[in-house]
Amino acid sequence: MTGARPILVVDDDRILRQTLVEQLQLEGEFTVEEASSLAEAREKLKAPDSRFDALLLDVSLPDGDGRDFCADLRKDGLRMPIIMLTGSDDEADVVRGLDAGANDYVAKPFRIAELLARLRAQMRLFENSEDAVFSIGPYTFRPSAKLLQEPLKNRRIRLTEKETAILKFLYRAGTRPVPRQVLLNEVWGYNAAVTTHTLETHIYRLRQKIEPDPANATLLITEGGGYRLNPELAAVPAH
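When the letters of the sequence shown are read in order and numbered with the UniProt record's numbering, they come out as residues 1 to 239.
Simulated from the structure, these hints should not be mistaken for laboratory data. Where is the CB? At the ideal position from N, CA and C, for every residue including glycine.
Think about it this way: if two alpha-carbon atoms lie no more than 30 Å apart in a straight line, the pair counts; the simulated DSS-like pairs of lysine-lysine are:
1. Lys108 with Lys75
2. Lys209 with Lys153
3. Lys44 with Lys168
What follows is a set of in silico ranges between Cβ atoms, one per label pair, in the way DEER data are often shown:
4. Gly64 with Glu223: 41 to 47 Å
5. Arg155 with Gly225: 31 to 37 Å
6. Ala47 with Ala121: 25 to 31 Å
7. Thr140 with Glu223: 22 to 28 Å
8. Asn230 with Ala192: 29 to 35 Å
9. Glu150 with Ser37: 35 to 41 Å
10. Tyr190 with Gly28: 20 to 26 Å
11. Gln181 with Arg124: 21 to 27 Å
12. Ala192 with Arg111: 37 to 43 Å
13. Thr195 with Lys108: 49 to 55 Å
14. Arg158 with Glu114: 37 to 43 Å
15. Gly224 with Ser88: 45 to 51 Å
16. Ser88 with Leu147: 38 to 44 Å
Can you make the complete structure from the sequences, with help from the hints?
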């Protein structure tokens, strides 16, 4: 298992939040932070080290309407998947939530397995969309364009398809090193003709492109028989 995906759950129902935390973290696929109000959610989203790959957002919260909050997040440029949780499946409510920028709408009570399936589906769609933008160190990473941009130096780095896939998978892994064989299988598939030497060659070329000093890597580092992105440089998504 590679690194867990960070999710923010915003709901004022403590028991429901606890259930979601337990179920989402059960297989190690996700890590979950909680917020019981819009103010708390806003604080967590704006924290300097904030990184959330998706948001589960209740419609009715003590300090406002989740749909208005969703619309505000979209205006602020946050593009990660947002799934609204609501006590009503009335068509007008659903339409309003989707119009506010939500990716999906799930009525309570819901089946956890269905919610997880919808969450995974939205995250897959997002990662392959034009909207997917992540921060990796000084770079803005746009996987769909196979591009790294370094705003401070007004520099653009073109990536190959494999380099893009390597960076995307390492970003998803968060702080955990990804073993060479796992990364090889994820990027090239189970192809007996491809060896870890192929991966090491791609890592070498990638470091030549992105590291200030490729011989002393500080962004894409070797650790534990594999590779990971330095969390101090790569933990904050640009959304």
